[in-house]
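K.L.:
If you want the building blocks of each chain, they are given just below.
2 protein chains.
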Amino acid sequence: MSNIPDRESIIAAHERVAPFIHRTPVYTCESLNKITGANLFFKCENFQKVGAFKARGGMNAILSLSSEERKSGVATHSSGNHAQAVALAAKENGVKAYIVMPSNSATVKKAAVLGYGAELIECEPTLQAREETLQTVVEKTGATLVHPYDDHRIVEGQSTAAKELIEDVNEKLDFILTPVGGGGMLSGASLAAHYFSTGTKVIGCEPSGADDAYRSFKSKKLVPQINPQTIADGLRTSLGKKPFEIIMRHTEDILLADDAETIAAMQMIWERMKIVVESSSSVPLAALIRNKDQFAGKNVGIVISGGNVDLKELPF
Amino acid sequence: MSNIPDRESIIAAHERVAPFIHRTPVYTCESLNKITGANLFFKCENFQKVGAFKARGGMNAILSLSSEERKSGVATHSSGNHAQAVALAAKENGVKAYIVMPSNSATVKKAAVLGYGAELIECEPTLQAREETLQTVVEKTGATLVHPYDDHRIVEGQSTAAKELIEDVNEKLDFILTPVGGGGMLSGASLAAHYFSTGTKVIGCEPSGADDAYRSFKSKKLVPQINPQTIADGLRTSLGKKPFEIIMRHTEDILLADDAETIAAMQMIWERMKIVVESSSSVPLAALIRNKDQFAGKNVGIVISGGNVDLKELPF
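Protein sequences appear in the order of chains A and V. End of the first sequence = 316 in the UniProt record's numbering, gap-free, step of one. End of the second sequence = 316 in the UniProt record's numbering, gap-free, step of one.
Keep in mind that a hint or two might mislead.
Pairs count within a copy or across copies, as identical chains cannot be separated in the list.
[What the hints assert, rightly or not] DSBU-like, lysine-lysine: derived pairs with alpha carbons at most 35 Å apart: (1) 241 <-> 34; (2) 110 <-> 312; (3) 96 <-> 292; (4) 201 <-> 218; (5) 220 <-> 312; (6) 71 <-> 298; (7) 292 <-> 312; (8) 34 <-> 71; (9) 312 <-> 34; (10) 172 <-> 201; (11) 298 <-> 241; (12) 220 <-> 71; (13) 110 <-> 298; (14) 34 <-> 298; (15) 218 <-> 241.
Think of the hints as simulated: they come from the structure by calculation, not from any bench.
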């Protein structure tokens, strides 16, 4: 138990990051309630700084650095949103940031990282290449590694999104659904529900083509993600060890959605809610629609994880 | 003066429609403030019912019908959003609606009108065809004509968007910018500023390829729009007589933007603000950027008129 962030550490993280992040709105949508038969509450982290919830974890990690660590900077790898989050948080705190990104990351995400003044190092789009490149950067610069999800400071930061969702919805939530990639958001939301909304079940939603969290959860053994095939570029990473430990204790279930279902859900969100969301953000709605009966008549919080899309590469 | 809606009639319209419409949020965006050098306040009517401010005018018109008029239903012509607005308002009040739409209206707009249970009558995409078809429908059915903009009940309804914008922004607005097509929104906003925010200048923004309001305003004589060429499908209509009368008294100026500028502004709004807006809604930001110096350092309200786009036909 001692290894898992406690209630106080999440409250402290929230107080730490609150002045630097947006308290994003919770949206409802009558027409999506009709389609799904559930009462949906969307936590719109696409309106968060850097366009994604990752701003929370990145900010919490940078604010937790010692003054000694600040001097040598920070380094991380990310398919995109965490990269921007660390770059922005570093910039706002006068810290140098080295960002390793897979070469197939969205152009808009690379541009944003450069825009925040970070140093961008591209690598092959495999987990192994990312981690090796990052290791080299850390050895060369002495920068502190800020892992995108396998880090309790990140988990605590991400948990503040679900904490706000719980605080800002007047009704009791029966469920909270989040996407799951590395597991930072899912483990953070699971902790937030555990500490601040007893009885709210947290469910991770994952693309069928990158179902390592599903297989890990069902087999109770961490299975790495090899050669993921999904449009949801934020969810291609392998589940981290630290998030996995929390998920095994506090997450209710993991549900899957095919890319076609995710694309349909994404289009529904754009057309009905008039908001720009990433494909990764659309996996929970897709999974909910696939498992409609389970959620009928229930109050369901959904974390819209981000809104950074390449408008020239839309899937519909 | 007696011909123009007075302060009390706008307050009354607001009280009438308020229970039936969303009080849409006002968004700010640091990165667009940086790009433009102005302090922008976006009134997000893309989040309005039917996805556009037209819900306001449509609802005000239907709620103003006599019980006798309700029996024979209502009829209107529209390139899209007004059609949905009248269809929804009619449905919610148990009134039959006949909607004349140009055959080149966006598929999503036609589908929405049918979804609200209205009768859809398609016509050639010219103003003349629309008005003739509408006349035939009115003669055949006895329905009350609810003109999309040349009607004071509509102007009063639309004015409530700018009224709310004025009420919800804590600072004094130097300018309010709205798109101008038929003139319902622009004349309504001009009246709202006149009655509720003395000194706030209201400016209409129009596509260069459909510049009848610009030419009418400059020549002080109503010039019809013939063969409009613009991507902004909501702004192809001719300025109405009643709006023109109000605009000549209470509007500060009319600015133009080319389609390329409008598309660039639209992409900026999608990418930076993460909201889905129509091309018509992007004309004010495009015109502001074209005339940057005029707005530098000023507080500028911008009415985002709607968010109904065909995702398969995006211009970028």
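K.L.:
Now look at each hint and say whether the structure bears it out.
P.N.:
Tested hints:
1. 241 <-> 34: Classified as neither: same-chain Cα gap 38 Å, cross-chain 41 Å, threshold 35 Å.
2. 110 <-> 312: Answer is both; intra-copy 15 Å and inter-copy 26 Å each pass.
3. 96 <-> 292: Result: close only across copies, 34 Å inter versus 47 Å intra.
4. 201 <-> 218: within (17 Å within a copy, 63 Å between copies)
5. 220 <-> 312: neither (40 Å within a copy, 43 Å between copies)
6. 71 <-> 298: Neither. Shortest intra-copy (49 Å) and inter-copy (39 Å) distances fail the 35 Å Cα cut-off.
7. 292 <-> 312: both (32 Å within a copy, 27 Å between copies)
8. 34 <-> 71: Cα proximity of residue 34 and residue 71: across copies only (29 Å, versus 53 Å in one copy).
9. 312 <-> 34: both (31 Å within a copy, 24 Å between copies)
10. 172 <-> 201: Answer is within: at 11 Å inside a copy they meet the 35 Å cutoff, but 46 Å across does not.
11. 298 <-> 241: within (31 Å within a copy, 51 Å between copies)
12. 220 <-> 71: Answer is neither: 40 Å inside a copy and 65 Å across each miss the 35 Å cutoff.
13. 110 <-> 298: between (39 Å within a copy, 32 Å between copies)
14. 34 <-> 298: So residue 34 and residue 298 pass the 35 Å test inside one copy only (13 Å; across, 42 Å).
15. 218 <-> 241: The answer is within: 15 Å in one copy meets 35 Å, while 68 Å across copies does not.
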